[in-house]
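*Asks:* Below, each chain spelled out in residue letters.
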Amino acid sequence: MGKDLSLYVHIPFCERKCLYCDFLSFNAEKSAMERYFRALENEIVRCAEDFEDYDVKSVFFGGGTPSFPDQDLICRMLQTLGERFKVAPNAEISIEVNPASAITDKLLAFKKAGFNRLSIGAQSLDDEELKRLGRLHDSRMFYETYENAVAAGFDNVNVDIMSALPGQSLTSYLETLSKITRLGPKHISAYSLIVEEGTPFSEMELDLPGEDEDRAMYHETKRILSESGYHRYEISNYALGADETYECYHNKVYWRRGNYLGLGLGASSMAGNIRWKNTGNLSEYIKTYTEKKDKECPSDQESFIPPAAEDIERLDEKAQMEEFMFLGLRLVKGVSMREFRRQFGKDIFSVYGDVIDRYIASGHLQVADEEGEVFLRLSDEGLDVSNTIMAEFLF
Amino acid sequence: MDQSKIRNFCIVAHIDHGKSTLADRMIEKTGVLTLREMQNQVLDNMDIERERGITIKSQAVRMIYKARDGQEYTFNMIDTPGHVDFGYEVSRSLAACDGAILVVDATQGVEAQTLANVYMALDHDLDVFPVINKIDLPSAMPDETKEEIEDVIGIEAHDAPLISAKNGINIEDVLEAVVHRIPAPTGDIDAPLKALIFDSIYDSYRGVIVFVRVRDGIIKKGMKVRFMATAAEAEVVEVGYFGPGRFIPSDELTAGDVGYFTASIKNIKDTRVGDTVTDADRPCPEPLPGYKKVMPMVYCGLYPADSAHYSDLRDALEKLQLNDASLFYEPETSQALGFGFRAGFLGLLHLEVIEERLEREYDLNLVTTAPSVVYKVHKTDGEVFDLTNPTNLPDPSEIEYMEEPIVNGEIMVTTDYVGAIMQLCQERRGKYLSTDYIEQTRAILKYELPLNEIIYDFFDALKSRSRGYASFDYELKGYEKSDLVKLDILINREEVDALSFIVHKDGAYERGRKMCEKLKEEIPRHLFEIPIQAAVAGKIIARETVKAYRKDVLAKCYGGDITRKKKLLEKQKEGKKKMRQIGNVEVPQSAFLSVLKLDNTD
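Chains as they are written, first to last, in numbering that gives the first Met the number 0: chain X, 0 to 394; chain U, 0 to 601.
Bound-form chain U, shown alone (with noise of 0.2 Å):
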């Protein structure tokens, strides 16, 4: 195909300012579906992400527009996810395009995600214009917008196409400026195949279906391909595009071109996302730069709540791996949940994302237990190691000293929430740093904060204490001195190492009370007196009693409907079964979810 009439771009955007509803309006104004095949969104196609309103997983999709000029351009979206714990993902987006659109709500200016994206494109030299978004609505500020892209990104907008997604408004000034700001791809089609793979999915007919942007050369059926990274070969079998919805098979990719290819290959190890596909038989000589590697920075335990869904429970991870590079896991067996994994995540949504898909998806039912982040343990004889797990935190006579991720905090709130705002950061460790004014009414709030303190609840408690107006992001800062201590739960005087977890030391009594509360209410009361205890190297610092359960009501059995009494036992004995057996108390699986979301505000 003619490169200059191909054009490979991205929609960027902040949460909620109309992404994935001008992606819809794109590809029905190109014609490429038809207003009955519309499914209401058609790139945020998986439950999750409709629910929440955000999008997970990269999705490409190809149109047919017929520009002013006359000419048919291919225009081959490729869909990103929005928010910052998908950095590594949006990465792997970007690299694929040589250009973004960014959407901008009239109505609400430019976010702290607006900027982290638009950077993250810049990072990857891909040309960016903006979009001013919801000019229909009556609070929109279209001049003010502009200029504050201009004033805080510092790229053009005075011509930047004014739309309302939604309505259709406009929608055709997008395209054409696709067509004139975006620019065309410049690979050599007689250069050995160089192709990058940013995304794959597992198909249980056709295996790994590999998407791919061809950087030079051909990829064709019957060829034979070699991945850079692993070293698997294996000959192609289908090569297409990506339908809205379906895949369009064709004799072959070229370059500059956006598809997928397939090759029956059975290992989804073999295709690592970020690697480059080359011709087997006259392969490039260098791979294309890889991309960022990323490290995970929450990691939890992740067990099958029936212990005989082990299995499956890592099929699903490694198939959930596939397409999301940047889950890891590893198997770990705990004493209170028996076997299950370890797995490692960008941040807690991305952490909550994947319990949500293992759960619907794959229909596993879950028990998660409480998040922690990477410590660094610095033992009395020199060795130094990564904690990823608050169990493995070796006896305090052994540690000479332990550090703790920071990350710089850049949180965009209006100006009257500023001083509820530093009042959270306080409270989680927070150092403050700055205020940059963006506007008379926002402001720019940084500080450096514990990752610890922020991946349990501090987006919800950030959301409740602004009514919603603050937005986050952050980034590692590096590793700090720390005076940490492991805080144990025991339960009925046995500790439960699946609630184990490492607090720093003057927060240690205030989260141990909280434990133990939380788990009063969930801890439905036995035949005997259950103590719930939070310690703190042997010592304990909280306590709280689920009282004995002593008497029960005395239903009349009339008239020997014995039927009725049995279903009424079956669902007392029916709710054990739901509960895990830690010594002799029974433990619903919620326990252990509830202590994740200790509000402070309670």
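Isolated chain X, as found in the complex (with noise of 0.2 Å):
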């Protein structure tokens, strides 16, 4: 993927957080989304000179809520994507949006501007959960918004739901799970719910589903997908069919470690094997990208970081090679082990040996042919547990 690049953008504002949310995002003024949304193009436009060779190949905008600021600021945006940058014309261009927000006329407005894929967080069609998890919208609003979508054009659909929720049973969720097979979705990403310090929800006393349960849903998650005609190709995401058409790119950038640059407040980004991470400070990130003065940069920086970059780390060989291990494995198809040899120069077995052996002969990793080449990947069980499998390939 040498000179293929991906493009995220972050849109950090939402009508109100969920009780669960520890993502970046908050509520503000008009005045300063508008704030925000000049900083955001500067930005575009700054690093754009930096990757004219490049080609794109995908772009997100992710939330918080994209849906939720001035549709007309969104697509701004994305046309100024695809005036400073080599947008290829296949790309996937996906954008989130919530069913509280995602009016008829916003989505038409999406799909004008260019987006081709739509990501609808839906998290539960059960009113009661939703309510608990603090979310705006009602199941009415969740169909209400995909028809609008389909109506809109959006033939590449995504719908996020969420398991182990509190007060959620698995005939709730196995409910929630074949109504929206019903819809038939392109894709489907499954997450189970993290209660993350400092959010609401790691306060209060919440009546989650039990373990046994909890690896019920689980399990029954990828029984009815495919069931249902999809396919898991990621440890949380499914794609319709068996090819990978709907496979959602962008996504398997990240664990493939490809190029992408994270464009707005708190984006992170990878690229030349250096990681970094915009600030997550928005009166900071504001005035970073307001002020129009030339690009200054410390001299002994490569030019294509930007000037509000945080945690910058240059992944020497063994941080590529724990990278190339614990991302690569969340893919079902796993890692390829002459794309290993391609990259390090040295036989997987001779830097992981001990680990691969170890959990081949426990039964969570296995070697797999595909058209002649050899894959390692995670087996069912080792899914189940991947960061305990993930962690023994650090150094």
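For the record, the hints were derived by calculation from the structure and aren't laboratory data.
Possibly wrong hints are sitting among the right ones.
Said to hold, decoys possible - Restricting the straight-line Cα-Cα distance to at most 27 Å, the calculated cross-link-like pairs of lysine-lysine (DSS-like) are:
1) U:K513 / X:K251
2) U:K538 / X:K16
3) U:K268 / X:K317
4) U:K513 / U:K485
5) U:K572 / U:K550
6) X:K251 / U:K570
7) X:K332 / X:K2
8) U:K565 / X:K2
9) U:K430 / U:K504
10) U:K28 / X:K221
11) U:K577 / X:K16
12) X:K332 / U:K564
13) U:K546 / X:K221
14) X:K345 / U:K519
15) U:K4 / U:K219
16) X:K317 / U:K577
17) X:K317 / U:K575
18) U:K517 / U:K577
19) U:K576 / X:K317
20) X:K16 / X:K130
21) U:K566 / X:K332
22) U:K318 / U:K268
23) U:K566 / X:K345
24) U:K4 / X:K317
25) U:K550 / X:K332
26) X:K332 / U:K576
27) U:K566 / X:K251
28) U:K550 / X:K251
29) X:K317 / U:K430
30) U:K519 / U:K570
31) X:K251 / U:K564
32) U:K566 / U:K538
33) U:K445 / U:K430
34) X:K317 / U:K504
Stated by the list, open to error - What follows is a list of derived Cβ distance ranges for each label pair:
35) U:E520 / X:S168: 25 to 31 Å
36) U:D456 / X:L205: 35 to 41 Å
37) X:S168 / U:R563: 28 to 34 Å
38) U:G467 / X:E309: 23 to 29 Å
39) X:E309 / U:S263: 27 to 33 Å
40) U:K577 / X:L205: 57 to 63 Å
Glycine residues also receive a C-beta, built at the ideal position from the N, C-alpha and C atoms.
Since each chain sits alone in its own frame, please combine them into the complex, following the hints.
*Replies:* Printed below as a string of structure tokens:
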């Protein structure tokens, strides 16, 4: 993927934060939002210069709630991206929307601006569960949004759902799951709830499903979705059909360690084996990209690292190998042994032989041959406990 | 110095009766220190002591007191530990004194350790006079306390100073009483040097600093001295007195003095506490009677958490032994824990204190195995040996019988809790001897107890069942034949030597079950099921299972924030590093410690 690039654009605004959310988002005055988008536009312009040789294969607008601000602001960002970057004609261009704010006008505007993939945050179709999560929408609003999206011409739609929610039973989860499969979106993301520190949920007494029930939800997800024609290509992502047509290209870039540029507040980037993150401080971000002066860049720093970058990490070979393994194993297909040798000039067994042997013996890893290429991947049991296995690949 | 103007004494008291506070006030009143220099408690300068409110390490301090008779007196106050476990240290400190001040709390009266300490002082022929402390508290009963001292201990108390060390009330009375009631030393200054080592510390610049009480003769710079027990000789580099918190060099120490000397001694084993120092060129004919040799009562394995720190642990133990002669250790190896030491202690508190000192002062991370007492194993071939490590127990077929140490225990308790404490002693295989009422509301219960029943959590249980009112003292009675078995713990079917211990047959099931339960809580879930079993002679008597870990939560890895994901995995990996690998099971260090505290009231 040498000269390929993906772009992530962060929209840090929400009407209201959900009780479990620990992403970078907040509500803001209209004027503050406008200032943010002006800065974002400047950032796009500035960064594009450093990546003019790259072909942009995917764009992802995430949040926050990209459907919350005025749609003209969002569409203008995409337009600027198209003008400044070399966006491939067949590029996957996704935007996340929330059923509470994705009214028909907006969906039409998004479609017209060039977005070709829509990701709807349904989470659940049980109204009680949604209420407990602090979501702004109910199941009726989700259905409306879904219908409107299809009507607006979105063919490639993803629906996000969550398991292990407070008060959720296996029955209610399966009901949500089967209702969604009946709609037949091209892609389904199925995550489990994690109660993160610092969120309101972490302070609350939650009636969370027990371990066995949680595990049953997880296993039923795979069973029901494959019966409905979906295949699992990544730990928590499913695509309709047997081939990769509807797999999310942008998602896979992260696991394959492709180059991606994060634009906007707190967005993460990876290019040339360097990782960095934009500042998460809104006023600092706005200040950095509002002052119209020439780009200042410390002389010892690669020119493409933007001025508001933080946590700059140059990955040495060991770190690259670690990432190759723990990111690659998130894909059901696994990691290619040939690719490992190509990138690092070493046999994968000479580096990770012990770990691989141990977990093959325990049945958590397996070796598979796909059209002459040998892959190492997590077995079904291994996928269940992926973190434990992945941690073993750290030095 | 004129011996008639010297007073060498110590303060003895039950824990919390105000010994250290009184010492501070006396130092203050004698003006050796300005108020500003005063630390909160000058003598208790170690962190652990301060936190626990007990004094571990003997220290001495010199003060100059101008008495009411217009004369200036030199007081050498030697601090002593207050806990029964440290009887040995008390003993060697007392040997350096001529008298003792007994501090009794006017609200508590005479306690078990008050008695133990007074008797020890009287054993050393010290003159003891009492001081009644905390008289300013509303619940103080000074008259009753005086009466109790006379009735229970049998020393005169009618003119005992009534003081409040905390608020500095009547401290002068104590200082005057020291002048009049503590005898002056009576050494022969012209005789050959004869000095008793009562403590020593190691200083990386000066070598060993030896604390001495000079009985006869003079010790001064440049002189060649001999340590009579080890026959080592050295040239004195510096002599001096103990200022509060520092050393004050002087020209010489003469008969009756308490002070220190250095002689560039690098080998700490040359200077044994209890040994006699004499003049190498004009030695005294006989050494002073040595201290009572004490035997460790409790043994346990000490292992560095990180095996790379083995030599650090060895060095630290060597240094600690220098001023804690009662600490014993020798190298041993465990399959589970690698290279370490088997260490012997006076009691469980002593063990805990050493463990804490190793961790705090020497920055070591330790794993301790279950403490064990010394058993006598009589083999069928007639051989008898002392067993200090349960792992070394021979096959049952080779054992004729075993004996275990029994102690005579005295528990002082308010009458409200007599029932609860008797119940506890019963549970611990105690043999009831008698109940003596020292007052209407307080009794001394006497029991014979197997030592291995009190080394785990007896003190904790005693305190919790008496709401802190009971105190306990014991001394070794001897060995008795007992029906003992070795209890083994198997983790994932592999025997863990560090967790084996000897237990009475009747208690094996109960303890095995509790160990398994505790380990189940401590051992994290693995990708496979882990049986935890307790076994006696190869027969499983209890079992728990750590269920297999079968599912992660699926985090959304949002917007390509890989760093966050990696941090999560690193944390997971880091947690594993802190564990001990036993077979293919990772056992946290804390598991080895947790099995030491199995509270019976759970």
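*Asks:* Mind listing which of the numbered hints don't hold for this structure, in increasing order?
*Replies:* When the structure is compared with the hints, numbers 1, 2, 3, 10, 11, 14, 24, 26, 29, 32, 34, 38, 39, 40 turn out to be violated.
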